[in-house]
Amino acid sequence: MEEANIIDAEIVLDIVYHERPMHLNAVDFLNRYGKQGLAIESNVNRLCQRRILKQVGRFSREFGEMMGEKGDNTGNLSLWDQTHISGREKLLENFKEKIGESISINDIGYRRFVISIIERAKPHIIMMDRPHIRQYLQIIPATLTDYLSTGIKENFSYLVPVNSADGKDTVNTRRELYEYLSNTLGENAMTIANLIGLVLYGNSSGKKYISINFFTWDQKFVENFGKIKDDMGLERLNNGKQVKAALSSINFEKPY
Amino acid sequence: MAAFNLDENIFVPVPLLDMKKSLKKKHSRWTGTAEVLYNQYILKSGNDYEKMADLVFSKIKISKNIYDFTPEDSTELQESINEMDGRFREISEFLSTLKRSEIKTVMVACYDRTVKTLWINRSNVLRDMLEKHTWNEADALFYSYFNMFINVMSRMVIEISHETPERSGNLISMTGLVSVVYGGIILAHTEGVLEYDDILERMSDLSTFSGTFNIGSSRRIRKALEATKSVSIFTDQE
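Chains as they are written, first to last, in the numbering used here: chain S, 1 to 256; chain Z, 1 to 238.
Derived by calculation from the structure, the hints in this document are not laboratory data.
Since this is a predicted model, take the numbers as computed values, not measurements.
No false leads were slipped in.
Straight line, CA to CA, 30 Å or less: simulated DSBU-like cross-link-like pairs of lysine-lysine: (1) S/Lys70 - Z/Lys132; (2) Z/Lys51 - Z/Lys64; (3) Z/Lys64 - S/Lys229; (4) S/Lys35 - Z/Lys229; (5) Z/Lys132 - S/Lys98; (6) Z/Lys132 - Z/Lys59; (7) S/Lys90 - Z/Lys229; (8) S/Lys70 - S/Lys96; (9) Z/Lys64 - S/Lys208; (10) S/Lys208 - S/Lys153; (11) S/Lys96 - Z/Lys223; (12) Z/Lys61 - S/Lys54; (13) Z/Lys223 - S/Lys54; (14) S/Lys207 - Z/Lys64; (15) Z/Lys229 - S/Lys98.
Using the sequences and the hints given, assemble the complete structure.
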C-alpha cells in the first residue's frame, strides 16, 4: 500500500507545454517528486485530450475556410494560391486579426492558441500551396494529441482504473458512482469516481493506495468533493459505506 | 464528394465473411448462412443494411469509455444483433461450440481484415476530405480519427494474436466492442450523420490509449507538423 500523488488537467498542461505561463513553477513542482513520481488518472488524460481537440478542430475548420476564400483573379485558384509568398504573411496576419476580433472573452485561450500555431507554422506554410496546407490541417489533430500523450508518458505514471478483465464489480461500482454524481458535478464526476475507484480497488496493475493526494487549483472541484462528503446520500449506493470511507482517504492540495 | 468506400461493409463482431475463409470444410453448413447474412445486413446494397447501421449508430452514443466496457456489454451487443435475425443467433451458438483456438483464428482473421480494409482506404478518406470545399469541425478531426482508429485496432489484433487461445477471449470481446463503438464514427461519417460531439468524445477517449504513431505525409508537411506539434493550449483566464 502506498500514497499516490495525482494531478489535475491544468497541472498536466503546465508541465507538458513550455509556453504556458506557469510552466517553470510546474516543472519545479514536478522535480520535487521526480519523473513518474506524479500520477495522472485516465479521465484527466481524456479531459486534456478533449481540450486540445476542441481547439485544434476549430482552428482546422477556420483556417481551412480562409484557405478556400476566392481571389479577385479569374479562374478557380484560391486567394492563397494566387498570392506570392511575400504576400502570404499578410494573409496570415489578417487571419489572426480576424480571429481576435470575432472571439468572445471566454475564448482568449483559443486566440493565444491560434497565434502560437500560426507563428510556428508560418515559415513552412507560406511555402505550401492550398492542398498541402489542407493536408497539414487534417493531420495536425493527431499530431497534437500524440505529442500530449508522449509528454504524459515521459513525465507521469499513468493510473488506469481496474477494468472488466480484473472484475466486473469494480467497473459497475465506478459506473454507478459516476452516474450518481454526473448530474451535479459535470465533467468532474468521472475523475472523482475514478479516484474513489483507485482507493477501493487500486489500479489495473494491482497497485493499492492507502491515500491519494490530489493536486488542483480548481476550487470548484474541491467544493464539489466537499458536497459529496457532506450531503449527497452516498449510503444509498450499493457499496455506499465503502465509498464513503474511501472519501476520507482523498486529500486536496494546491500544487505551486 | 466521392463516395467513401470501406468495401461497403459495416464492422460487426460477427466474423461472417471470414468464417468462409478460416473455418474447416466440416463447418461449411454455417458459412452459407453467414454469406447470406453478410449480403443482407452488412453490405450497403443489402435489404437490411439500415437496421444494422442504426444499431451501430445507437452504440456510438453510449456514455461509457473503453475502461468501462465489461463482458456484459459485449454480450448485450451480440444479443441486439441476434434479436435482429434469428440466424445471427444460430451463428453465435455455432461459434461458441468451436475450440478456443479456432475462435481465435477466425477472430484474428476478421479483425485483421478490418484493419487492412481501413488501411487501404486511408488515401480515399484523405482525398475525399481535400475535395470538400469546406469542413465542419467533425470533418476537421475525421482523418486524424480514422488513422487513430486503425492504430488502436491493429494494436489490439497484435495483442490477440500474441495471447494464448485460453486468454484471448476477453480481448476478442473488447475488440468487437471497440470496432462497433469507435468504428461506428466512421460509418456515421460515411452516411453523413456524424455529430461533432460524438467524434469529439470518442476521439478524446481513443487518444488516451492509441499509442504513438505517425501519419504518412510529404517532407514539407512533416516539417510544419514538427514545428507545431508542441503548440500549447491555454486557459482562458491566463
